[in-house]
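Protein chains in written order, with this note's numbering: chain S, 1 to 110; chain U, 1001 to 1119.
Quick caveat, the hints were computed from the structure, so don't treat them as lab data.
A quick note: this is a predicted structure, and the numbers were derived from the prediction, not measured.
Among the hints, erroneous ones may be present.
[Unchecked claim] To list a few chain S residues with every Cβ distance to chain U over 12 Å, as calculated:
no., residue
1, Gly12
2, Pro14
3, Gly15
4, Thr25
5, Gly43
6, Lys47
7, Pro57
8, Asn62
9, Lys68
10, Ser69
11, Ala82
12, Ser91
13, Val100
14, Thr105
15, Val109
[To be verified] With the C-beta cut set under 8 Å, the calculated list includes, among others, these residues of chain U facing chain S:
no., residue
16, Glu1046
17, Asp1062
18, Asp1073
19, Phe1080
20, Phe1106
21, Gly1112
22, Thr1116
C-beta: ideal position from N, C-alpha, C; glycine also.
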Amino acid sequence: QSALTQPASVSGSPGQSITISCTGTSSDIGGYNYVSWYQQRPGKAPKLMIHDVGTRPSGVSNRFSASKSGNTASLTISGLQAEDEADYYCSSFTSSSTLVFGAGTQVAVL
Amino acid sequence: EVQLLESGGGLVQPGGSLRLSCTASGFTFSTYAMSWVRQAPGKGLEWVSSIKRNSGSTHYSDSVKGRFTISRDDSKNTLFLQIHSLGVGDTALYYCTRAAGLIDPFDHWGQGTLVTVSS
């Protein structure tokens, strides 16, 4: 199972919006609505930000939103803040009853 | 408060074995699926293995199938990962995670236990 494809890095200025893409296949992202996004700050464990394509867990800022179209999922961060600097990973359930992560995207706030 | 505490990591020679443990607290352990996710130094997340609640079905990534065995002891609220035939590619921080079910997201993560494979 190959890793989902994410851009290595995305950057934006405070207040701007950025979007991170996550591309898979019909055997993972395209076949199921079980896409999640995780935020990982340096030296910390990952934190769940989005699940089931576009659902935010309680306590996650509504500046984070996500969607899916075909084999590609997207995470959008609106009103970018310094605290959003982190690595972001997408993940998807697969047709083999396994899980696959994306390679990760480093978000920089300029 | 949900807590997941991993242990058992360390320095091991290539070809060696190790057993990782994850002690859970703050929730009804037996009603959740549990998984291991690893992260090599400076690299991304890699799903390793999952086990359904009530010691149900187990699932493994292709990279560890046949070498790793996931298990759980619900009476002790503990998740295990038995690792054999370790290679340098297995060097990573191993996270214990919780999910409602196999298809559900990892809503809680431990802080990880570091496995280093080196001669």
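Hints versus structure:
1. Gly12: 21 Å, holds
2. Pro14: 26 Å, holds
3. Gly15: Correct as stated: the minimum Cβ-Cβ distance to chain U is 28 Å, above 12 Å.
4. Thr25: 16 Å, holds
5. Gly43: 10 Å, violated
6. Lys47: 8 Å, violated
7. Pro57: 7 Å, violated
8. Asn62: Consistent with the label, Asn62/S stays out of reach of chain U, its closest Cβ about 18 Å off (over 12 Å).
9. Lys68: Correct as stated: the minimum Cβ-Cβ distance to chain U is 14 Å, above 12 Å.
10. Ser69: Its Cβ never comes within 12 Å of chain U, the nearest being 20 Å, so this holds.
11. Ala82: The assertion about Ala82/S holds, with a minimum of 23 Å to chain U.
12. Ser91: 7 Å, violated
13. Val100: Its Cβ does come within 12 Å of chain U, the nearest being 7 Å, so this is violated.
14. Thr105: 10 Å, violated
15. Val109: The claim holds: Val109/S sits with its nearest Cβ about 21 Å from chain U, beyond 12 Å.
16. Glu1046: 6 Å, holds
17. Asp1062: 6 Å, holds
18. Asp1073: At about 23 Å, which exceeds the 8 Å cut-off, the nearest Cβ of chain S leaves the hint on Asp1073/U violated.
19. Phe1080: Check failed: Cβ of Phe1080/U comes no nearer than 19 Å to chain S, outside 8 Å.
20. Phe1106: With a minimum Cβ separation of about 6 Å from chain S (threshold 8 Å), the hint on Phe1106/U holds.
21. Gly1112: 7 Å, holds
22. Thr1116: 17 Å, violated
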